[in-house]
Amino acid sequence: MSVKKVVVKKNTFYDSSILMRAASEAKEKIEGVIEVAALMATDLNKKFLADVGLLIGEAVNATPSDLVIVAEAENEESANKAIEFVEKYLVKGVETVRKVEEVVETLEDALEKMPDANIVIISTPGEYAGWEALKALEKGLHVLLFSSNVELEEEIILKKYAAKKGLLLMGPDAGTAIINGVGLGFANVVNKGPIGLVAAAGTGIQEVTSIITREGLGTTWAIGTGSRDPTKDVGAITMIEGLKALANDDETKVIVIVSKPPEEEIAKKVVDVASQLGKPVVVNFLGASKELVNYIESKGLTPALTLEEAAYKAMAIVKGEKPPEKIVFTLKKDDVAKIVEKEVEKLAEQQKYVRGLYSGGTLASEAAYILKDYLKPLYANVKVKGVEWLEDPFKSISHSIVDMGAEEFVAGRLHPMIDPTLRKKRILEEARDPEVAVILLDIVLGYGSHEDPAGALIPEITQAKELAEREGRHLVFIASVTGTDKDPQNYSTQKSKLEKAGVIVMPTNAQAARLAALIASKDKWREVLDKMYS
Amino acid sequence: MVVDLKKIKEQGVKAINIGIKDFYDSLKAQNVPVVHVMWKPPAGGKIEIFKRLKKLKFKKIEKSL
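Protein chains in written order, with this note's numbering: chain A, 1 to 534; chain B, 1 to 65.
Hints are computed from structural coordinates only; laboratory data are not their basis.
None of these values were measured; they are calculated from a predicted model.
Using N, Cα and C, we set each Cβ at its ideal position, and we do this for glycine too.
Among the hints, erroneous ones may be present.
As the list claims (entries may be wrong) - Stretch by stretch, here's where chain B covers chain A in the computed footprint (C-beta under 8 Å, at least three residues):
(1) 5-18
(2) 141-149
(3) 163-177
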């Protein structure tokens with residue numbers, strides 16, 4: 001029988017990042033602890049606590065300005081220790097922040113300290129974020145609104161107001177932006193160069209800008225719009241304002257648009273605006289219909305079907321070359337064939353499925369979009385036309401692509417790009433399934449991400465391979481690394497760590513997905529490879 | 001009015017970070033001038049009062065558009 005303890009601290013605020021770190025460390029370091037949560041008692045967080053059976057005692061009536069710390073443990077002592085650990089962690093954390101010179105209490109105080117500030121990054125809880133963004137816009141500041149759960153009505157007003165004032169309002173729910181070469185939010189350290197992006201896709205920006213840097217070119221600006229921007233309700237206000245801004249920027253020679261396909265009316269609106277900019281535009285509406293692709297072409301723009309293709313087409317245009325029709329592999333076809341042949345030979349008879357465990361949502365969508373043509377039935381918890389919906393994302397079936405950054409995984413927890421715990425567990429779960437042939441992974445580098453995302457997964461990758469081998473199976477791991485050598489984690493170091501652990505590292509996520517499709521096609525792989533090139 | 005990126009380029013990024021401190025740290029690591037706001041809920045944490053204030057303010061801005 002487990003013991004549950006709860007402590008509520010009235011009117012005490014901590015940001016979600018420090019709270020989740022505190023809870024995560026307590027769970028890891030204190031013996032006998034089953035679960036620890038440290039949360040502000042917002043409705044969403046209370047729902048999470050209720051779901052895991054921890055909405056107990058005083059927590060039930062706590063309000064959004066109250067801090068709740070709950071611990072479940074095998075005995076009372078461990079539960080108490082966990083709560084004490086979290087309390088101490090938070091006090092220490094705040095002391096550390098206060099020691100920093102540039103810390104103030106309000107936006108107004110910040111402007112007194114830095115009167116010439118020009119951009120604000122907001123990551124408060126959603127119900128407050130719109131208010132802070134509005135204050136910033138009133139003061140003439142550009143805004144990156146990282147927070148999600150901002151009301152739709154607020155988003156629309158904020159965006160119209162920003163457009164009227166000539167300010168950028170990126171988000172809500174915008175994880176990434178590159179402003180004058182500076183990465184905001186989750187961003188890679190990329191070269192400066194002639195390609196500008198407007199994107200409603202966080203890891204989409206990261207993948208495209210990283211490929212461009214690794215190929216020796218660079219990015220001027222990457223304007224994140226937030227996922228709700230290209231919808232009928234919002235009308236793609238930020239996307240369109242972003243396009244106009246890039247059109248006026250002398251250093252931006254080619255523009256790339258990245259988004260899931262918006263509703264037809266909005267997609268056409270964006271394409272129409274893009275066709276009037278007087279600059280080449282590459283449009284990647286991931287999973288777009290043939291009709292939409294034709295429409296993009298008819299307007300003199302360049303459609304791209306994947307993130308990788310968007311990057312390579314934009315680079316070709318910059319170099320004055322004809323954009324490639326499509327990218328299959330950047331390695332030679334024969335070299336790919338050798339890799340596949342070697343792996344397929346080692347697979348046991350029952351091994352046939354691909355399981356993609358993703359930290360990046362757009363990367364998961366790209367993988368599902370590619371795999372759906374070769375592997376059936378394919379399930380995913382990202383919406384891609386032609387892919388079955390994975391009802392329970394905690395349990396893979398058949399071929400599955402799982403976005404582990406989806407809401408159901410991150411409620412009350414850190415994002416898998418920061419905390420690999422759930423992905424580590426899931427790797428072992430998939431390895432135990434005798435029908436699994438390939439585990440497909442993304443490793444996302446950059447500011448904001450885990451300090452060693454490849455290294456963190458390697459013990460489980462090794463264990464998974466050993467587990468399979470003991471049962472007479474050969475488990476194939478395929479990964480791609482989204483990042484650059486300038487990132488704090490270093491692209492080459494991360495890649496080589498994975499390779500040493502027996503992971504096949506492909507140059508892009510799209511190519512990693514294609515290789516996975518080939519290996520899982522087993523004795524039919526040659527036909528599939530030819531189909532890819534046809 | 002079209003966003004003037006040239007102006008940001010001339011000024012360089014000068015940032016205020018409100019909320020999660022990690023974003024302050026990553027700007028510091030990129031040598032970007034940044035001030036961190038150790039944010040707390042406004043209106044003394046009274047969410048209902050805050051929501052009313054917020055609604056009024058957004059209505060006012062909406063009317064001005």
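Tested hints:
1. 5-18: Satisfied; 6 residues make the cut.
2. 141-149: Contact hint for the segment 141-149 of chain A vs chain B: holds, 4 residues under 8 Å.
3. 163-177: holds (count 6)
In terms of the numbered hints stated before, the structure departs from none.
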